[in-house]
Amino acid sequence: MFGYVIKRAFQMVLVLWAVSVLVFVMMSFTGDPTYMMVPLDATEEQIAQARRLLGLDHSHLTQYRLFLKNVLQGDFGRSFVFRQPANSLILERLPATLEIVFLAMAIALVVAIPLGVYAGANPKRAGSHAVMAGSLVGISLPGFWVGMVLIFVFAVKLQLFPSSGRGPTQEVFGIRVSFLTWEGLRHIILPAVTLSIGTLAILMRIIRAEMMEVMRQDFVRFARAKGVGQRGVLFRHGLKNALIPLVTVFGLMLGDLIAFATLTETIFAWPGIGKLLVDSIYRGDRPVIVVYLMFVALMFVVVNFAVDVLYALIDPRIKIR
Amino acid sequence: MSASTLDRFLASELVHNYRRNLPAVIGSLIVLGFAFTVTFGPGLVAQDPYDIAQLELMDSFKPPAWLEGGDPAYWLGTDGQGRDVLASIVYGTRISLFIGLTAMLASCLLGTTLGIVAGFHGGWLDAVIMRIADIQLSFPSVLTALFLMSAFGTGIEKVLIALTSVGWVVYARTVRGSTLREKQREYIQAARVSGLPNWKIILRHILPNVLTPIIVVATIQVGTFVLIEASLSFLGVGVPITKPSLGLLIKNGFDVLFSGLWWISVFPGLVIMLLVFGINLLGDFLRDELNPRLK
Amino acid sequence: MTAHPMPPSPLLQVRDLRTWFDTFGGVVKAVDGASFDVGRGEIVGLVGESGGGKSMVGYSIMRLIDPPGRIAGGRILFDGTDLCGLDERALRKIRGREIAMIFQDPMTALNPLYTIGDQLDEMLRLHTGLSARERRLRCIEMLHEVGIPQPEARLGNYPHQFSGGMRQRVVIAIAMIAGPRLLIADEPTTALDVTIQAQLLRLMKHAVEKRGASLILITHDLAAVSQMADRIVVLYCGRIVERGRARDVIERPRHPYTRGLLDSIPHQGLKRRRLSQIPGTVPDIRKLPPGCAFAPRCPMAAPVCRESAPNLVGGPSGHAVACHFPLEAKAA
Chain A
20 MFGYVIKRAF
30 QMVLVLWAVS
40 VLVFVMMSFT
50 GDPTYMMVPL
60 DATEEQIAQA
70 RRLLGLDHSH
80 LTQYRLFLKN
90 VLQGDFGRSF
100 VFRQPANSLI
110 LERLPATLEI
120 VFLAMAIALV
130 VAIPLGVYAG
140 ANPKRAGSHA
150 VMAGSLVGIS
160 LPGFWVGMVL
170 IFVFAVKLQL
180 FPSSGRGPTQ
190 EVFGIRVSFL
200 TWEGLRHIIL
210 PAVTLSIGTL
220 AILMRIIRAE
230 MMEVMRQDFV
240 RFARAKGVGQ
250 RGVLFRHGLK
260 NALIPLVTVF
270 GLMLGDLIAF
280 ATLTETIFAW
290 PGIGKLLVDS
300 IYRGDRPVIV
310 VYLMFVALMF
320 VVVNFAVDVL
330 YALIDPRIKI
340 R
Chain B
177 MSASTLDRFL
187 ASELVHNYRR
197 NLPAVIGSLI
207 VLGFAFTVTF
217 GPGLVAQDPY
227 DIAQLELMDS
237 FKPPAWLEGG
247 DPAYWLGTDG
257 QGRDVLASIV
267 YGTRISLFIG
277 LTAMLASCLL
287 GTTLGIVAGF
297 HGGWLDAVIM
307 RIADIQLSFP
317 SVLTALFLMS
327 AFGTGIEKVL
337 IALTSVGWVV
347 YARTVRGSTL
357 REKQREYIQA
367 ARVSGLPNWK
377 IILRHILPNV
387 LTPIIVVATI
397 QVGTFVLIEA
407 SLSFLGVGVP
417 ITKPSLGLLI
427 KNGFDVLFSG
437 LWWISVFPGL
447 VIMLLVFGIN
457 LLGDFLRDEL
467 NPRLK
Chain C
233 MTAHPMPPSP
243 LLQVRDLRTW
253 FDTFGGVVKA
263 VDGASFDVGR
273 GEIVGLVGES
283 GGGKSMVGYS
293 IMRLIDPPGR
303 IAGGRILFDG
313 TDLCGLDERA
323 LRKIRGREIA
333 MIFQDPMTAL
343 NPLYTIGDQL
353 DEMLRLHTGL
363 SARERRLRCI
373 EMLHEVGIPQ
383 PEARLGNYPH
393 QFSGGMRQRV
403 VIAIAMIAGP
413 RLLIADEPTT
423 ALDVTIQAQL
433 LRLMKHAVEK
443 RGASLILITH
453 DLAAVSQMAD
463 RIVVLYCGRI
473 VERGRARDVI
483 ERPRHPYTRG
493 LLDSIPHQGL
503 KRRRLSQIPG
513 TVPDIRKLPP
523 GCAFAPRCPM
533 AAPVCRESAP
543 NLVGGPSGHA
553 VACHFPLEAK
563 AA
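Chains as they are written, first to last, in my numbering: chain A, 20 to 340; chain B, 177 to 471; chain C, 233 to 564.
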């Protein structure tokens, strides 16, 4: 177990390093941010000074070395726009993103598990076909467009929910969350539903397919022969086995949610890291983009590690090495 | 075909499957419909939305024809420049599908080549290619493409490059796996011993074996690419405003959605859904039919 | 009929059972009019080649036939109750508690995610009102009975930590722990090593006899059945072709199919005798010939065999055969 953790930690560092190189290389080719920093009527002298300030007068290699050195000290540079450390910008907005991501995941699981189990256990029934068709539509929908339609119907026409913003937040263990108040919930519900659609659709398909596979197994028949009831067969014997492959794609689904949060947050003006990323891309705010990517990469490696451990915990056949 | 052969054909499992597989029929009809639209559509719609001479600013923001204030000349209404939404959709679909198909072909070519090279050559080349693929896979495609586009700036060819950079991985992994499996087979060993050049072995023995999974992946990927391109364009980092794809049409409509002008963004979204839905139906059918394990 | 004292009513009476599958090619009659009894404490062998519908008889008795399959007709009387008339709720009380079933492949019959203790215990939770402590003791006792060493320590193990033979012992333990009156064993040893097969058959026989329960042993292995069964039922293409006391059927087979099966068993002591095989293969059950289903493979088939299917006709001591030209009862 200990050796395994060391090995994984090493892999994580390697991935993060690779990402840092890629990020740096890409950023170096994206033009000169100096001109965004100086007034339009700046003199040559001012421009040169700004370049020195940004460290752009060094060679690329030196720039990278400086970049790496600063990163290792936890300094990712200052946002060109906000004039404050880029990593604190990200950390500030992270809870808002995690909030809709987790709520979306919860919605997806709560809806997809019963439907997927039902469809997988009765693949021939009309209801099962309806579930499949629905999930295929869900996969084929552009998520951002769903958000727009929801805004139009529920915010513009029916005026049930606000169309944008996060609403009031409350501090819990030092993290600001919005789902504890009714007003906060009203704000979060549309973005979370929008974000959940894609994951929900994929989850239903996976659970259905896995359930169909599991229900064919001998041990399910044996369980029925033991006199186990329908619910016990489906959930105790079926679902638990069907969930194992699901754990392996959990990391990927979380990644997709974070990726699509950029779109959802943009539509709903949700103040999370996704909207920050999109805004920073518009503004050419390089340090923020870099921190975002490094941070998201770190998150993915950690999640994948957690998933592997979880996998071993659920499935007794897997031994961590 | 004699009567008895026809009878036997009609009673066969294939026909039975096809009849039962209504989704496959619907999927192929949708895809055929789109093929027709992008081929002949521009000749059928009344307006070229990008020819400024044909636009009437007087006709801006007309609702769909069946609503009050609608103009029978513009079935699905018009946008702020008086562009016919239907015509914009037809032209936008061409751009979206062109990008989806071209990026798919490029990804397929690149990924298959790299996969075969990795599987056939092995060693350090294999390690390098596959590590890159692993790292790439740990990042969601949309995010990678978004990041690349933020570096490139807008442009159709840039979207193609971004999509290809995220799309090749799935082919490379699939093809590498099949190549490794096939390489073990005795007939390939024999072919190698007999001095058949590598490219001939690849062309004659390996490629045909990896074709089936590639077809399935490629079909579904067109839909995925259409969606990713739409997302990028919606964020303003995809196609240029002079060549609006369906995603960019939605973005343009989003700005006026709050004034109740829903048709400008809703119809392009429906079209994306229908297109991707059709492709996915077809992809599902192909996967089920071509995968002997599931039969 | 000779005047015997009335025997007690059999535990299980299967009457004219028809288990059909609706497929696109038409109705597949996996079981077509099977009738047989299983007496109390009796071991009945259900024999036939694979594809002969014998597993479907087992599943039908358990009422575990899933669509597109259905029980199209007949009655299954268990201790006087027709199982075909019961709803799912009532069946759950029968399954496991009254009738238990064992499957062919012990590698897949156990749920990989639960300990074997849990899976044994599940049966007791479902069918008894015992306390956790009592259940645990019963589980240990049962594992001990089926020959699992250190049963207490093994309760917490997962199926993958057992060998195939050990797993089948666990499966037998699970099947027997709630004290069923009938055990249906569907090819219980086919997937195992030959050396283990005999042990497990003895174990099963012992477990059943100890409780006075009955056993239906479904197998293609006539040799195994001949050593264990009191009575034998031979199935071919969903129909019973021969039925009788084990010794009668083994020593004086009257159906050419049974004879064929017997001739293909290797005998110890009879050296250098060529094993004969039944020519041909089991026909596609969807396209059965009009007459006797065995006619195409039968060495003594006559024209009448290809036209009309013979009925099962009883002989002395209940030895019945479905053949137009039954073999003469002569000493083997």
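Bear in mind the hints are in silico, worked out from the structure with no lab data behind them. Ideal placement from N, C-alpha and C gives every residue a C-beta, glycine not left out. Each hint should be verified, as a subset may be incorrect.
Claimed, not checked - If you only want the chain C side, here are some residues facing chain A, beta carbon under 8 Å, derived: (1) I297; (2) P299; (3) G301; (4) I303; (5) G305; (6) F310; (7) R327; (8) D337; (9) L342; (10) L345; (11) F394; (12) S395.
Claimed, not checked - In the DSBU-like style, the derived pairs of lysine-lysine whose C-alpha atoms are separated by at most 35 Å in a straight line are: (13) A/K88 - B/K419; (14) A/K259 - C/K519; (15) C/K442 - A/K143; (16) C/K261 - C/K325; (17) B/K359 - B/K376.
Hint-by-hint comparison with the structure:
no. : hint            : result
1   : I297            : violated (11 Å)
2   : P299            : holds (7 Å)
3   : G301            : violated (13 Å)
4   : I303            : violated (16 Å)
5   : G305            : violated (23 Å)
6   : F310            : violated (14 Å)
7   : R327            : holds (4 Å)
8   : D337            : holds (6 Å)
9   : L342            : holds (6 Å)
10  : L345            : holds (5 Å)
11  : F394            : violated (12 Å)
12  : S395            : violated (15 Å)
13  : A/K88 - B/K419  : violated (43 Å)
14  : A/K259 - C/K519 : violated (41 Å)
15  : C/K442 - A/K143 : violated (44 Å)
16  : C/K261 - C/K325 : holds (29 Å)
17  : B/K359 - B/K376 : holds (13 Å)
Of the numbered hints given earlier, the model fails hints 1, 3, 4, 5, 6, 11, 12, 13, 14, 15; all others are met.
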